[in-house]
Structures are given as C-alpha cells and as structure tokens.
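*Asks:* Residue 439 in full-length UniProt numbering is what sits at position 439 of the sequence shown, and the numbering runs on without skipping anything.
Everything labelled a hint here was simulated from the structure, so no lab data went into it. All of these numbers come straight from a predicted model, not from anything done at the bench. Note that the Cβ used here is the ideal one computed from N, Cα and C, for glycine as well. One should not assume that every hint holds.
To be verified - Okay, derived cross-link-like pairs now, PhoX-like style, lysine-lysine, Cα gap no bigger than 20 Å in a straight line: (1) K402 / K390; (2) K309 / K333; (3) K366 / K309; (4) K202 / K220.
As the list claims (entries may be wrong) - Listed next, with one range per pair, are the computed distances between beta-carbon atoms: (5) L115 / D223: 21 to 27 Å; (6) I184 / T357: 40 to 46 Å; (7) D269 / K336: 54 to 60 Å; (8) S439 / F364: 42 to 48 Å; (9) K368 / V429: 52 to 58 Å; (10) V429 / E391: 30 to 36 Å; (11) K336 / V429: 47 to 53 Å; (12) N367 / K425: 55 to 61 Å; (13) E416 / E54: 33 to 39 Å; (14) E419 / R240: 50 to 56 Å; (15) R240 / A206: 25 to 31 Å; (16) P372 / S282: 30 to 36 Å.
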Amino acid sequence: MENTKIMQDFIPSQKFKRVAAYCRVSTNSDEQLKSLAAQREHYQQYISNHPGWELAGIYYDEGITGTKKNKRPELLHLLKDCEAHQVDLVITKSISRLARNAADCLDIVRQLKNLGIPVIFERENLNTANMDDEFILTVLSSMAESESNSISANNRWSIQSRMANGYFKVSTPPYGYDRDFEIIPDDAKVVKQIFTAFLNGKSSLAIAKDLAAPSPSGRKWSDSTIRSLLRNEAYTGNLRLQKTYTDHSFNRHVNHDEDTMTWYQDHHDPIITLDEFDRAQSLLAKRAKYRHTETRSLKYRQSYLYSGKLICQCGAKFKRQKKAKRVTWSCQKHIKDSQACPIKPIDERQIEVAFTTMINKLIFSKNKLLNPYLQGLRNEPEYRKYRRMKELEESILLATEKRDTLMTMLSQDLIEPNEMMAKTKELIVRSNQYRQELSKLRSTFGENDNLILATRELLNYVNNHDIQATFDEQLFKKTVDNITVQDNLHLTFNLFCGLSLPERI
Numbered sequence: 001m002e003n004t005k006i007m008q009d010f011i012p013s014q015k016f017k018r019v020a021a022y023c024r025v026s027t028n029s030d031e032q033l034k035s036l037a038a039q040r041e042h043y044q045q046y047i048s049n050h051p052g053w054e055l056a057g058i059y060y061d062e063g064i065t066g067t068k069k070n071k072r073p074e075l076l077h078l079l080k081d082c083e084a085h086q087v088d089l090v091i092t093k094s095i096s097r098l099a100r101n102a103a104d105c106l107d108i109v110r111q112l113k114n115l116g117i118p119v120i121f122e123r124e125n126l127n128t129a130n131m132d133d134e135f136i137l138t139v140l141s142s143m144a145e146s147e148s149n150s151i152s153a154n155n156r157w158s159i160q161s162r163m164a165n166g167y168f169k170v171s172t173p174p175y176g177y178d179r180d181f182e183i184i185p186d187d188a189k190v191v192k193q194i195f196t197a198f199l200n201g202k203s204s205l206a207i208a209k210d211l212a213a214p215s216p217s218g219r220k221w222s223d224s225t226i227r228s229l230l231r232n233e234a235y236t237g238n239l240r241l242q243k244t245y246t247d248h249s250f251n252r253h254v255n256h257d258e259d260t261m262t263w264y265q266d267h268h269d270p271i272i273t274l275d276e277f278d279r280a281q282s283l284l285a286k287r288a289k290y291r292h293t294e295t296r297s298l299k300y301r302q303s304y305l306y307s308g309k310l311i312c313q314c315g316a317k318f319k320r321q322k323k324a325k326r327v328t329w330s331c332q333k334h335i336k337d338s339q340a341c342p343i344k345p346i347d348e349r350q351i352e353v354a355f356t357t358m359i360n361k362l363i364f365s366k367n368k369l370l371n372p373y374l375q376g377l378r379n380e381p382e383y384r385k386y387r388r389m390k391e392l393e394e395s396i397l398l399a400t401e402k403r404d405t406l407m408t409m410l411s412q413d414l415i416e417p418n419e420m421m422a423k424t425k426e427l428i429v430r431s432n433q434y435r436q437e438l439s440k441l442r443s444t445f446g447e448n449d450n451l452i453l454a455t456r457e458l459l460n461y462v463n464n465h466d467i468q469a470t471f472d473e474q475l476f477k478k479t480v481d482n483i484t485v486q487d488n489l490h491l492t493f494n495l496f497c498g499l500s501l502p503e504r505i
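Produce the complete structure using the sequences and hints provided.
*Replies:* Here is the structure:
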C-alpha cells in the first residue's frame, strides 16, 4: 500500500487512458522466467486497479541482455506502438530494466518525451514528465551502465576462475564430442575423414561437397566450416577456452591474445594425432598464402621471418641483406657506422642452427628445465593482488548500496535533491576509481596465465618430438618473441613463455 501511495504521489495529474509496461530478464533460466511472470502479474493488477487507466500492453523480453537496445524486439515493438500513438504512459521496474547503456536509456526517454509520453521508473521513484529529472536520469543511467560493466567483468572473472580450476562446462563442445568430452564414434569418424582427405590434398570446398553426414548446424557442410574444424586443437586432446571476448561496448571479438585464454593439456581423448594437426595447420597456412587470404597472424607479420625479431646489444634492429645466395642480417647502426657498433653481419643459417640446438637442449633436458619452470609459474604467489581485487569489488558493491539508500531517502523526503545529487556524484567518481584500479589488476593478473599457456605449448612440443635434425620455421614463430644478439658468437632467444635462453653460434 505504501509503495502504491508513493507511486500515486508522483504520477502526473493528467488521466492517462492507455498504459504500457515493459519487463525484461537477462537470462532464460527458470528462476528468471518466474521473475518475469511475477512482473507481468504485478503490472496487470496495478494498471487494472488504477482508475481511468486501461492496459495498452505488457511488453517483455526473455533471456536478452539489456546492454543493446536493438537486440530487444519487444522494446522496439513498444517504441513503434508509442510512435503510432497507441500508448500514453510507460511504466517499468527500474532504469536497469529499460537499459544498462546510458546512451540508449537517454535516447529512449527523449524519444518518448518528444511524443509526449512519460516514463515512470518504480524503483527510483522517477517520472520523466518532470524536466528537472533529466539530470537525475543521466546520473542513474550512468550508474546502471557502470553496474552492467561491473557485473560483466565479475562474470568474466568467475568464468576464468572456473576455467583455470577445471570446473567450467563448455556449452557447445566441438563436433565429435559430447558435453563431457566423451567421443561420439560416428561423428569422430567424420572428423578423421575430413583430416585425412585434407592431408591427402583435397580442398576444403571439395571435402564439404563430398560429405554425406550433416554438419554441426544440421545443414550442408561449407568450406568455412571445414576450415574451422581443421583449426580446432581440441581434436588433439587439448582444450583452449575463451577464444572470443566482449569489449567495454559489449561487442564480441575473436581473441587474438587481447584477453586471457585458458589452456588444458591432455584434457580429453584425442580424435587425431598432434602430428596430423600440425601438418594440417601448415597446409592451411600455405593455401591461405597462395590465395592471398592470410590469417591475421600471417597477414600482419613482416616480410621475412626475422624481421623485427633480431635486436642488437646496442639497441638497434637488424636488417636483411642478400648477396648472391648468401643471406645475412646486419645491425642497422653498424651499417651506417661500423665504429658505432662492432657487431658484424650474421649468416641466417647460423641463426637457424642456433635455434635448432636450443630446442634440442630443451627436448633432452625438459624434466630439468621446463617442468620445474612450469611448476614455479603455477606456484607464483598472487594472493596479495587477489585480495586487493576482492576489496575493490566489495567497495564497488558498498557504493552501489549507498546510492540506493540515497534514492530511498529522496523518495521519502529525508534528503534534499541537491544534497542527494552531490553525494551521488561523489560515490560515482569513487566507484569509477575503484573500477579503473580493478581493471588494471585484472589485466595484469592474466599475464601469468599467458606464460603458463606458452610454457605448456612448448612442453607439449618437446614431449612429443625427438631430437631435431633441421630448422622448424613454424616452431620458431610459435616460440620466439625476439632474439638479442650479444656479439658475433652469442645469441639469447627470448621466448613467449618468459624464458631467455643463451646459445652459441
């Protein structure tokens, strides 16, 4: 009764004939859908009990995020009905139900204001018919957007933690496996058939045309689906998670190391061998290069294998030079002035031999170097950083609760609007500072995971390969970040896994 009285106090005196309500839940779980049903029942009863009002409709979106207006069909339907002058008043539970994107929220409210249609937010006791409320709306919608970002970040952190601890369940397993990563025999035969045909020289398009079995989507196979399957390392028994990520504007992207990825070695039974997978990747890269449609990593790399990789002890980079059939790399400072840097040109074959020797040492002594190094990365203490992250998360939650308290005090005339706005702005500034620090901590917290991933990949290679007789270009690309040239007899290979290994040439 008290809530109803508060609502009636700030509903404009004009008698509206047609009233619409908008509801939304962000997931389609049973619990959330029960919440949606409760919201619908509430508005049906509330509107029917209000004198002079008639129900224009209850618009609701199920299992849809609130961060994007154009992804909510029922909200768009409501706006169209408003434009058609079929609605006189819109009621919704809170600003976060209408939109968690500040720009969208203001756009919707202003669009409806131009049509002469106010919006009432129950939780905030806010009526947009009053122009003075526009600034309050700006603050509240910004709060809602910040809270959405915080929720999203917390969800990502939770998923990453579950992935790292092995508790995460993949919603859509690779074709050939069920959700528990048990092999599905009939589908596994198709996977083997695809790899065998591709390694025997068939194109991805020809393979797609020849397959009689339905694709993972249930439709006909396409060449792009075949190539995606061929690139999936899950068929070797290893699993890489978080191949995509969502940015701060809620847009999804392929993860090219912009965000943390999680890697499980020997996670499940393989369908193909590691050698088959490596040969397929090499063949995919060659065909992409032939078609001039390189993958991102190939498309943007520099012209030669060692371009930008060789760094002199003087700080300058090395430049490729070719005389007759001999290829050398020379310090650019030495080229300009031999007195400025004493390092003479290095034969490219010497670099290849040094790298191969370094890899053979790793293969021979993996139990003495890589395994202890990996264990050390896993045991590296980051508890202090983790505790600070938890403190910041709690501080953000506390600031949100204080803002809610201020809104409640305003609705009960326990605080003046100007004082409420000043305190709210202060809390928002403080929360944003907490979020910035939290974001920085989360970004650095993932660096150790990247080192673990790179070390696992290198360890996986040395565990499955014998002593090398020739230089492996693909392994070099995957392994070496850069090379420091100490002098004409010594190189240091700086690896992606964080190790720096010296080698004589």
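*Asks:* Each hint: holds or not?
*Replies:* Hints versus structure:
no., hint, in the structure
1, K402 / K390, "18 Å, holds"
2, K309 / K333, "16 Å, holds"
3, K366 / K309, "25 Å, violated"
4, K202 / K220, "18 Å, holds"
5, L115 / D223: 21 to 27 Å, "49 Å, violated"
6, I184 / T357: 40 to 46 Å, "44 Å, holds"
7, D269 / K336: 54 to 60 Å, "58 Å, holds"
8, S439 / F364: 42 to 48 Å, "43 Å, holds"
9, K368 / V429: 52 to 58 Å, "53 Å, holds"
10, V429 / E391: 30 to 36 Å, "18 Å, violated"
11, K336 / V429: 47 to 53 Å, "52 Å, holds"
12, N367 / K425: 55 to 61 Å, "59 Å, holds"
13, E416 / E54: 33 to 39 Å, "37 Å, holds"
14, E419 / R240: 50 to 56 Å, "53 Å, holds"
15, R240 / A206: 25 to 31 Å, "28 Å, holds"
16, P372 / S282: 30 to 36 Å, "31 Å, holds"
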